[in-house]
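Listed here are the chains, written in short residue letters.
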Amino acid sequence: SQTIHQWPATLVQPVGSPLSLECTVEGTSNPNLYWYRQAAGRGLQLLFYSVGIGQISSEVPQNLSASRPQDRQFILSSKKLLLSDSGFYLCAWSDRVPGDNSPLHFGNGTRLTVT
Amino acid sequence: GNSVTQMEGPVTLSEEAFLTINCTYTATGYPSLFWYVQYPGEGLQLLLKATKADDKGSNKGFEATYRKETTSFHLEKGSVQVSDSAVYFCALSDTGTASKLTFGTGTRLQVTL
Chain A
384 SQTIHQWPAT LVQPVGSPLS LECTVEGTSN PNLYWYRQAA GRGLQLLFYS
434 VGIGQISSEV PQNLSASRPQ DRQFILSSKK LLLSDSGFYL CAWSDRVPGD
484 NSPLHFGNGT RLTVT
Chain B
49 GNSVTQMEGP VTLSEEAFLT INCTYTATGY PSLFWYVQYP GEGLQLLLKA
99 TKADDKGSNK GFEATYRKET TSFHLEKGSV QVSDSAVYFC ALSDTGTASK
149 LTFGTGTRLQ VTL
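Taken in sequence, the protein lines are chains A and B. Numbers given in the working numbering equal positions in the first sequence, counted from 1, plus 383. Numbers given in the working numbering equal positions in the second sequence, counted from 1, plus 48.
If you're looking for bench data, these hints aren't it; they were derived computationally from the structure. Source: prediction; values computed, not measured. Do not rely on the hints blindly, as some may be mistaken.
[Claimed, not checked] Mimicking DMTMM-like on lysine to aspartate or glutamate, the simulated pairs with C-alpha atoms at most 25 Å apart in a straight line are:
no. : chain 1 : residue 1 : chain 2 : residue 2
1   : B       : K148      : A       : E442
2   : B       : K148      : A       : E405
3   : B       : K116      : B       : D103
[Unchecked claim] Far from chain A by the CB rule (all over 10 Å, computed), these chain B residues:
no. : residue
4   : E63
5   : A101
6   : G109
7   : T113
8   : S120
9   : K125
10  : G126
11  : V130
12  : Q158
13  : T160
14  : L161
[Stated by the list, open to error] Some chain B residues close to chain A (C-beta under 7 Å, calculated; not the full set):
no. : residue
15  : E90
16  : L92
17  : K97
18  : S147
19  : F151
20  : G154
Where a beta carbon is used, it is the ideal one built from N, C-alpha and C, also for glycine.
With these hints in hand, go ahead and build the complete structure from the sequences.
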């Protein structure tokens, strides 16, 4: 069966420090991968998605970047965190199928607090 | 662009009460519709989905029918339990390269004894 691992579960970082959140998927090949952010009191916002190694699409301009160095690994990074980067970050994957309305499968999330 | 509008919460119900969480959408084309549930401290889990008009998605006693004429996908359950307390998200997905979901803002459900 497929599983998705996301770590760390919680993180407290000072303003201006770097960030690296990692997500890996097991039990599937060539998945689509996604990073979402859920800010306090708000819905989910798609930050990045990837349809293959090295292929990253950004949905919103921001202080963050994403990379996909391996087929089932997706990394969210920042060189210098801002207070506004605080939130709950969710990694997700979906099967890559024609028409592609396959559902997303989410990790348990990382709660990031920038102080 | 695509958008999803959910009723604002929180919704507080007694155990065994009937639940309705309203969801309406705006989209081009023929989206698929989803309900996701988020339990405290966890990520989102797919609850149910419908891929075309008049489809009914169902799971764990929850149901939602894809109504194209009213652009709605309301979530219902006949008898809620305390364990149903969570945040519920309505979402849509357009056909495309990736399943990029547009989410509603979520509705918090609190079920009490």
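Structure-based check of all given hints:
1. Restraint check: the Cα-Cα separation between K148(B) and E442(A) comes to about 10 Å, which is no more than 25 Å; the hinted pair holds.
2. For the given pair, K148(B) sits about 20 Å from E405(A) by alpha-carbon distance, which is consistent with the 25 Å threshold.
3. Between K116(B) and D103(B) the alpha-carbon distance is near 10 Å, which keeps this suggested pair within the 25 Å criterion.
4. The non-interface label for E63(B) is consistent with chain A: the shortest C-beta to C-beta separation is roughly 27 Å, beyond 10 Å.
5. Interface exclusion of A101(B) from chain A stands, the closest Cβ pair being 14 Å apart, more than 10 Å.
6. Consistency note on G109(B): stated as away from chain A, and its beta-carbon is indeed over 10 Å from all of that chain's, at 19 Å minimum.
7. Against chain A, the non-interface label of T113(B) holds: every CB pair exceeds 10 Å, the least being about 17 Å.
8. No beta-carbon of chain A is positioned within 10 Å of the beta-carbon of S120(B); the least distance is around 18 Å.
9. Every beta carbon of chain A lies more than 10 Å from that of K125(B), the smallest distance being close to 20 Å; the non-interface claim holds.
10. Distance check on G126(B): its Cβ is at least 24 Å (rounded) from any Cβ of chain A, clearing the 10 Å threshold; non-interface status holds.
11. With 10 Å as the threshold on Cβ separation, the claim that V130(B) sits away from chain A holds: the shortest Cβ distance comes to roughly 22 Å.
12. Non-interface status of Q158(B) relative to chain A is upheld: no Cβ of that chain comes within 10 Å, the nearest being about 16 Å off.
13. Residue placement check: T160(B) keeps its beta carbon more than 10 Å from all beta carbons of chain A (closest about 22 Å).
14. For L161(B), the shortest C-beta to C-beta distance to chain A comes to about 27 Å, beyond the 10 Å cut-off, and the non-interface label holds.
15. Among the interface hints, the one on E90(B) holds; its C-beta lies about 5 Å from the nearest C-beta in chain A, closer than the 7 Å criterion.
16. Checking L92(B) against chain A by beta carbon gives a least distance of about 4 Å; that is within 7 Å, so the hint holds.
17. Hint status for K97(B) relative to chain A: holds, with the closest Cβ pair at about 6 Å, below 7 Å.
18. Contact between S147(B) and chain A, as hinted, is supported at the beta carbon level, the nearest pair being about 4 Å apart and thus within 7 Å.
19. This hint holds: F151(B) has a C-beta 4 Å from the nearest C-beta of chain A, less than the 7 Å allowed.
20. With a cut of 7 Å, the hint placing G154(B) at the interface with chain A holds, because the nearest CB-to-CB distance is about 6 Å.
Hint check: no violations occur; every hint is consistent with the structure.
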